[in-house]
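Visitor: Protein chains in written order, with numbering that gives the first Met the number 0: chain A, 0 to 252; chain B, 0 to 412.
Worth flagging that the hints you see were computed from the coordinates, not collected in a lab. Since the structure is predicted, the reported quantities are computational estimates derived from the model, not experimental observations. Every residue gets a Cβ at the ideal spot worked out from N, C-alpha and C, and that includes glycine. Treat the hints with care, since some could be wrong.
Computed list of lysine-lysine pairs in BS3-like fashion (alpha-carbon distance at most 27 Å, straight line) [unchecked claim]:
| hint | chain 1 | residue 1 | chain 2 | residue 2 |
| --- | --- | --- | --- | --- |
| 1 | B | 409 | A | 105 |
| 2 | A | 144 | B | 78 |
| 3 | A | 70 | A | 156 |
| 4 | B | 400 | B | 78 |
| 5 | A | 70 | A | 23 |
| 6 | A | 195 | A | 113 |
| 7 | B | 367 | A | 115 |
| 8 | A | 113 | B | 409 |
| 9 | A | 70 | B | 380 |
| 10 | B | 344 | A | 113 |
| 11 | B | 78 | A | 127 |
| 12 | A | 113 | A | 127 |
| 13 | A | 144 | B | 409 |
| 14 | B | 409 | A | 19 |
Computed beta-carbon distance windows for the label pairs [as the list claims (entries may be wrong)]:
| hint | chain 1 | residue 1 | chain 2 | residue 2 | range |
| --- | --- | --- | --- | --- | --- |
| 15 | A | 56 | B | 319 | 52 to 58 Å |
| 16 | B | 60 | A | 112 | 47 to 53 Å |
| 17 | A | 112 | B | 91 | 21 to 27 Å |
Covered by chain B, per the in silico footprint, the following chain A stretches (three or more residues, Cβ under 8 Å) [stated by the list, open to error]:
| hint | region |
| --- | --- |
| 18 | 44-57 |
| 19 | 110-122 |
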Amino acid sequence: MSDMLLQIKNLYAGTSDNKKEIIKGLNLNIRAGEIHAIMGPNGAGKSTLSYVLAGKHDYEVTSGEIVFKEKNLLQLAPNERAAEGLFLCMQYPVAIPGVTTNVFLKHSINAQRKYKGLSELDAAEFLKLIRSKANEFDISPDMLKREMNVGFSGGEKKRLEILQLSLLQPNLAILDEADSGLDIDALRMVAEGVNKWHNQNNSLLIITHHLDLLNYIKPDFVHIYADGHIVKSGSKELAVDLEAKGYKSYLEE
Amino acid sequence: MGLLQNINLWGDDIPYLSGLREKSRISFEKNGLPNMKNEAWRFSYIREENLQNPIIDVEPVECDGHCHKSKSLPFDAIKIEYCNGKLHTENQNLPKGIMIKSLVEAIYDGDVKPYLNKSFAGDDFPFAALNGVYLEQGAFILIEKETILSTPVYIKYYNHADKNRLCNIRNLVVMEHGAKATIIEHFCGEEKAVYTQNTVNEIYVGNNAELRHYIWQNEAKSAHHIALNSIQIKADGRYFAFCANGGCMFSRHESYIRLLQEGASAEVNGLYKLTTENQVCDITTNIRHLAAHTYSNQLVKGVAKVKAKGVFQGQIHIAPNAQQSEGHQLHRALLLHNEAEINCKPELEVFADDVKCSHGASSGDLDKEQIFYMQSRGISKEDACSILVDAYLNEVFSLNKDSNISEWIKADF
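One chain only, chain B, in its complex shape (with noise of 0.2 Å):
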C-alpha cells in the first residue's frame, strides 16, 4: 500500500488546501523516507517496513469514549481529544482571551493561511512532508493579545489497538502579543496497539508573549512518534519546552525553533527512558538565533536500561547579527546496561563575535560509592540504584515551573 495513498479527505475541492497537499507530496515523493545518508537522521532513521503498512483512516471514529475520557487529571484544563488521529469536538466552556477551533473548520474560515505549513520547507523534515499530504486533522489554537491563560490546555492523543494507523495531526498555535498560556502534550494508546502517530506542531509566539510547552510522549510499547514543534518567535516572546519520553519503539521529537527577532529566548529540556529491548529514542534541537540579545538553554538527560538506542542531536546557530546572544546545552546520558548505546551530536553554528555559548555532554554509570553509601545505611542495591535514577532524572523535572504538571509527568515516568 505504501505510505502514499490515495485516499478522499475533506476539502479536496478547495485549492488552496489541495494545493498545499499537493506541494507536500511532491516534497515527500522526491526524499522519501530519511535513511542512515541522511546527516539530521542517521542516528536514528526508520525504514517503512518497521512501520508495518500503516493505513489512513477515514472512517469516522466509532470508540465507547473510554479513551477519550482523561483519567483524572489532577489539575483543571481546557481538554483537546485525539482518538485513533480524529479529533474529538467536545463543546466547553471556553474562557475569555481562546480560540479553539479544528483545523478543518479554521481552514474554511480562512483563519489560517498566515500560519499553515508556513514555518518549515518540506524538503528539510520528510515526516512533516508527509504529514502534509494528509493535512486534515489538527487544531487550531489562538490566545488572545494580553490573555492570561491561568488553565492550560491539555491534548490528548489516544491510539486503539484494532488497526495499525498512520495518524498525522497539525496543530497550529498562534501567541499575540503578550499572551501567556500553557499546553499540554499526552501521547498514549492501547497496550497492544501498533501505529505510527505523525504530528507536526506550528507554534507563534507573539512579542512579549509566553508560551510553556510539556511534552509526556507515553505511546504504545510497539508505537512509532514522531513530533515536528516547529516554533518562531518574536521579540521578547518565551518559549518553554519540556519532553517527557518514556514510550514507544522508535520516537523522535524534533524542535525547530527561530528566535527571530530581540529578546527572544527559548528553553528546552527534555528526559528519555530506554525500557525496551531495541527502543529507540531520539531528541533533535535545531534552534537558530536570529536577532541580537537572543537566549536559549537545553537540558537533556537520558537512562537507558536496556539494550537500546538514544540520540540527542542539539544545533544552535548563531547569526552574524545576532550578537550578545547566549546559547547553552548539555545532554547527559546514564548507560545502565552494557549494550546501550547513546548517540550524541552537539552542533554549534557560529557566525557572531561577541556571544556566550556552551555545549557539553557525557555518559557514565551510577556511581559506586554513592550505591555503597545507601547500602551502609540499609538500602538495598536495587533500592538505592532506583533512587539515584530518580535523582539524576529529577533536575530536568526540577526546571519545570509548573509543579503540578510536572508532579504529574513524573509519577508515571
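So here's chain A without its partners, still in its complex pose (with noise of 0.2 Å):
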C-alpha cells in the first residue's frame, strides 16, 4: 500500500545490556496523515518504542520488522532514518555544552540536506530560514547563541525540539512524553508547532501516559500499551474512556 508510512510487525526488543525483554510483539501500522497515540502505563516501555524506532545503541531488537517508506528501518543508522524523515521529539533533550544552539541546527540541517543530495546552506541562507523560524515559536536570538541545551528550562528545551521539528520538516515525529513537566501555556505552543507542521503526508506517534496533551491535539487511533504490546485499539473516545476507568481495567482484560 502506498500510503502507508511506518510498519511495525511483531516486534520483539530490549536492552541489549542485560538482554532485557520490553516490547513483545508489537504491531501498529501508520498511514500518511494519520496521527495515533500511544497509551500506557509507567513502566510500560513506551519509550523503549521510541528509542528503538530512532535507533540508539543500547536498545536491540531480537525479532520483527520495522518497514519505514518501503525501507528496512532496522538496517539505517540513526542519522540515515532521521534523514529519512524521522524524527523523535525527546523527552529529556541532552544538553551539548560547546556547541551553540545555531551550530547544532546549521548541522543537522545541512546533514540531512546532504544525505537527500541537496546543497548545503551557507551561512547567510541558514540565518535567514533560522530567523523566520525562531520567530514563528518565540525563541530570541539569545536563546540561539546559547550552548544547545545548556542551562534550558523545561519549556524552552521543547520549544526549541519543536523548531527542530519545523525545520526539518519529517515525515513522521514521535513525541516520547512532549507534555512531560510542561505548563498550559508551554504544552499549548508544543500542540500549535505540531499542528502547524501536520498534515495530509506528515503522520504523528504520540507517546503519553495521560490525556493532556490529546486535548490539543486530536488523535485518529489510540493504543493501549501494557507488557510490550497493544491490548487495546479504538479512536479517541478510548482515551476518554481510559481515563475514566484507569488502566488497571484493560490490563485486565
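With the hints as a guide, dock the two chains, each given alone in a separate frame, to form the complex.
Guide: Written out as C-alpha cells, the structure is:
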C-alpha cells in the first residue's frame, strides 16, 4: 500500500546490555497523515519503543520487522533514519556544552540536506531560515547563541524540539512524553507547533501516559499499550474511557 | 657522535660566554639525558638513540627562503624567524618601545648579563643544560617600560628535511615595568623532516607588566620538540600562556614559573592532540608562589585518537609566606582509542595556611547520549564525534584574549 508510512510487524526488542525483553510482539501500522497515540502506564516500555524506532545504541531488536517508507528501518543508522524523515522529539533533550544552538541546527539541517543530495545552506541562507522560524516559536536570537540545551528550562527545551521539527520537516514525528513537565502555555505552544507541521503527508505518533496533550492534538487512533504490546486499539473515545476507568481495567481484560 | 660535539661556535673567545657553555656542559655531562628514574621525566623520557644522531649544524643556512616567508598571517606581526635553528635577520621597522637583537649581538653589547642563564639551574633541566652547551642562536627581546605593544611578536621556527639537526635556541624576553606585549611562537617543519628542536625561553615580567604568550607546536610528524619556558614575574606582573600541541613524535612543553612578588599572576592553558601512533606529548608545569597575594590558574585538555601517550604534570608550590594566594589546576583528557594512555600527576605543595588551591583530573570517552541526540537530528556518528571533540577543545581556546590569534591556531589544530 503506497500511503503506508510505518509498519511495525511482530516486534520483539529490549536492552542490549542485560538482554531484558521489553517490547513483546508489537504490531502497528501508520499511514500518511494519521495521528496515533500510544498510551500506557509508567514502565510499560513506551520510551523503549521510541528509542528502538530512532535507533538508539543501547536497545536491540531480537525479532520482527519495521518498514519505514518502504525501507527496512532496522538497517539504517540513526542519522539515516532522521534524514529519511523520522524525528524523535525527546522527553529529555540532551545538553551539548560547547556547541551553540545555531551551530547545532546548521549542522543538522546541512547533514540532512547532504543525505538527500541537496546543496548545503551557507551562513546567510541558514540565518534567514532560522530567523523566520525562531520568530514563529518565540525563540530569541540570544537563546540561539546559547549552548545547545545547556541551562535551558523544560519549556525552552521543548520549544527548541518543536523548532527542530519545523526546520527539519520530517514525515513521521514521535513525541515521547512531549507534555511532561510543561505548563499549560508551553503545552499549547508545543501542540500549535505540531499542528502547524502536521498535514495529509505527515504522520504523528504520540507517546504519553495521560490525556493533556490529546486535548490539543486530536488523534485518529488510540492504542493502549501494556506489557510490551498493544492490548486495545480504538478511536479518541478510548482515551476518554481510559481516563474514566484507569489502566487497570484494561490490563485485567 | 653523541650529543656533546666539539664544534666551533661564535664567541668561544669571550670568557663570559664560554664560561656559560662550560658550566652547561659540566651539568649535562653529570646528569645526561633524563630517564625513567628521573621523577620529572618518568612518563616521557627519551632515549638518545631515538633522536637518531642529530648534528649541530654550524653551516650557514642556504635556504631559498620559502620556509621563512610566513604563509600570510591573518594579523600584523613583528617577525622573528629561525630556519634550521638559525636566526634570520631581516630589517623591519619596529614600533617604538621594543628592541630586538640577535642573542650574539646582545651578548656582544653586554645587554644580557642580568638575564642569560639566570632563571634556572642547568642541573634541574637536562635539555636546557644541553641548550646551554651550544648557546649562540636566539633573540633578545626587550619591551621598554610602559610600552603597550599593539602588534604581536611572531617567532617562527622552521626545519628542513635535508639533515637531522639538533637546534638549540635561546630567547630572552624582558618586559620592563608596565609594559604589555603578545608573543606567538610557531613551530613547524618540512613534512618528512627529522630533527630535535630544543628551545629555552627565559622570560622576565616586570612590575605590573603583562605578557600574553601563544605557542603553536605543529612540528613535523617525526620531529622531537623540547621547550622550557622559565619565567619570573614581579609585583602585579601578569603572564598568560596558551600552548597548542598538535605535531611531533615526542614533545615536552615545560613551564617553570616563579611568582616572585605580591600580586603576580600566571595563567597557563594548554591543549594536546594525539593523532600519530606512539606519539608522546607532555605538558609539565611548575608554578611557584613565592609571595603573598599571588594567583595562578591552569586548564589543560588533551585528546588521544590513537595508541599514543599524553602526560600532564602540574606542580603548584605555595611558600610559607605566600599567604592569601590562589592556585588552581584542571586537566581533562578524552580517550578515543582503547590503547591510548594518559598520565596525569598533579602535585600541590602548600606551606601557607591561608590559601585557596584546587586541582582536578578526569579522563573518559565522549558521551554516548550526546552522540545519539546529534545522530537523531541527522548528523553522522563520525561528524557528531568530531563536533563534540571540537567543542571540548574549544573551552580552552575560548579563554584566549586575542581572538584573531586563537582562531588562526584553531583553524589548523
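Visitor: A separate judgement is required for each hint: does it hold in the structure or not?
Guide: Hints versus structure:
The hinted pair formed by residue 409/B and residue 105/A meets the criterion: a straight-line CA distance of about 20 Å does not exceed 27 Å. Among the hinted pairs, residue 144/A with residue 78/B is inconsistent with the structure: their alpha-carbon atoms are about 37 Å apart, more than 27 Å. Distance restraint check for residue 70/A and residue 156/A: the Cα-Cα separation of roughly 31 Å exceeds the 27 Å cut-off, and the hinted pair is therefore not satisfied. Taken as a hint, the residue 400/B and residue 78/B pair is honoured in the structure, with Cα atoms around 20 Å apart against an allowance of 27 Å.
Taking the CA atoms of residue 70/A and residue 23/A, the gap is about 22 Å. The hint holds against a cut of 27 Å. For the given pair, residue 195/A sits about 26 Å from residue 113/A by alpha-carbon distance, which is consistent with the 27 Å threshold. For the suggested pair residue 367/B and residue 115/A, the alpha carbons sit about 26 Å apart, so the restraint of at most 27 Å is met. Of the supplied pair hints, the one linking residue 113/A and residue 409/B holds, its CA atoms being roughly 25 Å apart against a limit of 27 Å.
At roughly 21 Å between alpha-carbon atoms, residue 70/A and residue 380/B fall within 27 Å of each other, so this suggested pair holds. For the proposed pair residue 344/B and residue 113/A, the alpha carbon gap of about 45 Å is over 27 Å, so the pair is violated. Of the pairs offered as hints, the one joining residue 78/B and residue 127/A is violated, with about 42 Å between alpha carbons and a cut-off of 27 Å exceeded. A threshold of 27 Å between alpha carbons decides the hint, and for residue 113/A with residue 127/A the separation of about 19 Å falls inside it, so the pair holds.
With a C-alpha separation of about 20 Å, the suggested pairing of residue 144/A with residue 409/B holds against the 27 Å cut-off. Only pairs whose Cα atoms come within 27 Å are accepted, and residue 409/B paired with residue 19/A is rejected, the gap being roughly 45 Å. Under the hint 52 to 58 Å, the C-beta atoms of residue 56/A and residue 319/B, about 54 Å apart, fit the expected range. Checking the proposed 47 to 53 Å range against residue 60/B and residue 112/A shows it holds: the Cβ atoms sit about 51 Å from each other.
Distance hint for residue 112/A and residue 91/B: a CB-CB separation of about 48 Å, inconsistent with the stated range 21 to 27 Å. Residues of the region 44-57 of chain A lying with their CB closer than 8 Å to a CB of chain B number 5, which satisfies the three-residue condition for coverage. With 3 residues bearing a CB less than 8 Å from a CB of chain B, the region 110-122 of chain A meets the requirement of three and the coverage assertion stands.
This entry does not satisfy hints 2, 3, 10, 11, 14, 17, going by the numbered hints stated previously.
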